[in-house]
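Peer 1: With the hints as extra help, turn the sequences into a complete structure.
Quick mapping for you: the protein sequence lines, in order, are chains A and B.
Per our numbering, residue 676 is the first one in the first sequence, and the count goes up by one each step.
Per our numbering, residue 676 is the first one in the second sequence, and the count goes up by one each step.
Rather than coming from a laboratory, the hints here were simulated on the basis of the structure.
Owing to the predicted nature of the structure, the values given are computational and were not obtained by experimental measurement.
Any given hint could be a false lead.
Which copy is meant is left open, so a pair is good if it fits within one copy or across any two.
When the alpha-carbon atoms are kept at most 27 Å apart in a straight line, the in silico BS3-like pairs for lysine-lysine are as follows [claimed, not checked]:
#1 K778 x K717
#2 K970 x K778
#3 K680 x K717
#4 K970 x K680
There are 2 protein chains.
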Amino acid sequence: MASIKEVAEAAGVSTATVSRVLSNGQHVRPEVRRRVMEAVEKLGYRPNLVARSLRSQQSNTIGLIVSDIRNPFFTSISRAVEDIAYAQGFTVLLCNTDEDVNKEAIYLQLMRDTNVAGIIFSPTRQTAASLAQQRFDFPIVMVDRTAPDFEADAVLLDNVEAAYRLTTHLINNGFGRIGAIFGETSLTGLERQQGYEQALRQHNVPVVPEYIRHTQPRVESGKAAASALLRLPQQPDALLTSNSLTLEGALQAIRAAHLSMPADIALAGFDETPWTVLVQPAITIISQPTYEIGKIAAELLIQRIAEPSRPPRQVMLRGQLRARGSSTRSLVKREIS
Amino acid sequence: MASIKEVAEAAGVSTATVSRVLSNGQHVRPEVRRRVMEAVEKLGYRPNLVARSLRSQQSNTIGLIVSDIRNPFFTSISRAVEDIAYAQGFTVLLCNTDEDVNKEAIYLQLMRDTNVAGIIFSPTRQTAASLAQQRFDFPIVMVDRTAPDFEADAVLLDNVEAAYRLTTHLINNGFGRIGAIFGETSLTGLERQQGYEQALRQHNVPVVPEYIRHTQPRVESGKAAASALLRLPQQPDALLTSNSLTLEGALQAIRAAHLSMPADIALAGFDETPWTVLVQPAITIISQPTYEIGKIAAELLIQRIAEPSRPPRQVMLRGQLRARGSSTRSLVKREIS
DNA sequence: TTGTAGGCGTTATCAC
DNA sequence: GTGATAACGCCTACAA
Chain A
676 MASIKEVAEA AGVSTATVSR VLSNGQHVRP EVRRRVMEAV EKLGYRPNLV
726 ARSLRSQQSN TIGLIVSDIR NPFFTSISRA VEDIAYAQGF TVLLCNTDED
776 VNKEAIYLQL MRDTNVAGII FSPTRQTAAS LAQQRFDFPI VMVDRTAPDF
826 EADAVLLDNV EAAYRLTTHL INNGFGRIGA IFGETSLTGL ERQQGYEQAL
876 RQHNVPVVPE YIRHTQPRVE SGKAAASALL RLPQQPDALL TSNSLTLEGA
926 LQAIRAAHLS MPADIALAGF DETPWTVLVQ PAITIISQPT YEIGKIAAEL
976 LIQRIAEPSR PPRQVMLRGQ LRARGSSTRS LVKREIS
Chain B
676 MASIKEVAEA AGVSTATVSR VLSNGQHVRP EVRRRVMEAV EKLGYRPNLV
726 ARSLRSQQSN TIGLIVSDIR NPFFTSISRA VEDIAYAQGF TVLLCNTDED
776 VNKEAIYLQL MRDTNVAGII FSPTRQTAAS LAQQRFDFPI VMVDRTAPDF
826 EADAVLLDNV EAAYRLTTHL INNGFGRIGA IFGETSLTGL ERQQGYEQAL
876 RQHNVPVVPE YIRHTQPRVE SGKAAASALL RLPQQPDALL TSNSLTLEGA
926 LQAIRAAHLS MPADIALAGF DETPWTVLVQ PAITIISQPT YEIGKIAAEL
976 LIQRIAEPSR PPRQVMLRGQ LRARGSSTRS LVKREIS
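Peer 2: And the structure:
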């Protein structure tokens, strides 16, 4: 790889002039500029971004720290972040934490060690709690989850409202014993539990602690939790889960128990995935604008990089209730008749 | 962020000594080592990786260039790559190309500009064809797709064999008019088409050009292609697709046409996804060990980084046929009776 | 308008 | 065993 020095020699100028031609382009004689450009062309010169980063103390790399890229919610966000990053000349460092506090810490350190321009982060509750005490020399945009006392840009869903709406939908469709599975490590899970409980109270449906489970956001965990709920002496007549992975597990559990939806058991959850409308009956969910969330997060971050002192913005989005056969008795009747 | 210089001052030694303590650890008096470590601790010193990379002309970053992280095949590979990378102290740069030759070129340039340790790449046929002419100062591991005349490590599926087996399975189940949808930009699609045609010929089933479609690996493209096939005067009695995105689109098209599987039309494709076993009937597929593919690719790359001159290895894996209700008439009969 | 020179933070070579 | 010092490639005051 040719360096700026070699270009300078080839063009018979100093490295400063080459640099000027390539950056500002100001204050250079056309003739000299031409010579430089020719040399650049001939040598196939490209500025070394590592050297540039060392010199400028910044970079065009965005860190994206999520719990698991295989969670469709984060898959979609990642794609959006990468799209925006690419369009703006940034690059994306992908980090999976598995909801593991230790990995989160290691990756945050890595970000410090590499001059990242900023990060997009979806932390566990535990790490979120300590964020306010830490110092960062780069901006952080929170996605999906906030951190207490930590002033930062954020893109969030109104989780309490969404879960309230989803639960109310189940109640309105005649379901009263609603088993629920929430993520145990994220604030999101907690907020959705709040919305769930609010809805129950509001409609005078008893809150049964046994019906509430907390798990990792994984298919097997969801299946295990759902199976346990289905084995309860007083079996729930509906299942609600707080993400698409546990929803998938819950559906597997329902199938394994040979129960029919929604006659034996209703099912509802969060996040649109390919299969929610391909299975029969289709599954009721709260859909989140995942691509939009990632897009906004990346835009907020890039704006903040450009203008570090602007006031933090929190973008709060609403989920869309997609009522479908898995939880709507009337629809099923219609299908049968 | 404290620099090595500040640590040196605090410990009353030179930067060279600090560097020695932190890297080799050789040839340093215990007493001095202790002082240095104390200073490191006290100042919270962490080596700046950008400076290190500039100096050493290498880095711990692996580039991962795929067409779309949302394709479950690549999602899983990405996760595996990141896992291995993390375990070995590497970091992953995520790049989506959308099968766009231009984006591929830009990302390859970026890799050159940033001292990456190596890349894992799944190129379009067009870019693959030009790979042999290019010079790279970092190793490349190919996943899913090879490049002609380009000697490199690779992790591949025996696509011809897999498609042959899948097609034969359809033929053996009594399907003779098999519409097929292949990826148009990848070698993979081409190879699977070969296997498909071989199977037809072998079993004296006519190869009907109209039944063969080429599309982008996207849901909508798959749906459109499948819809077109279903509108043919001589409607196919089976649909075969070459990836999970087009498979999803094909299923949508079948549903939209109110056809029943497999009575009206059979369906089969590639890649295990959550929904293939959740829909009814379950979908017949060739399953690829996606996580394994990513894992092996990352391992090959890291080994090559450590030993640049080792002979290239090509790992060829076989797909597993998962025969299910969408293509097996006997199974369906059993279900009905 | 152009060149010189210093420094970003490391590591490695060479003296001592 | 330890310390100067010189790069790695780039950018940017400052001088000319």
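Peer 1: Which holds for K680 with K717 at a C-alpha limit of 27 Å: within a copy, between copies, both or neither?
Peer 2: For K680 and K717, the Cα distance is within 27 Å only inside one copy (14 Å; across copies 40 Å).
Peer 1: Using 27 Å as the alpha-carbon threshold, which applies to K970 and K778: within, between, both, or neither?
Peer 2: Close inside one copy (25 Å) and across copies (19 Å); limit 27 Å.
Peer 1: Reference check for the pair K970 and K680, CA-CA at most 27 Å: within, between, both, or neither?
Peer 2: neither (39 Å within a copy, 40 Å between copies)
Peer 1: If the cutoff is 27 Å on CA atoms, where do K778 and K717 land: within, between, both or neither? Let me know, please.
Peer 2: Classified as between: cross-chain Cα gap 23 Å, same-chain 45 Å, threshold 27 Å.
Violated hint: 4 only; the structure is consistent with all others.
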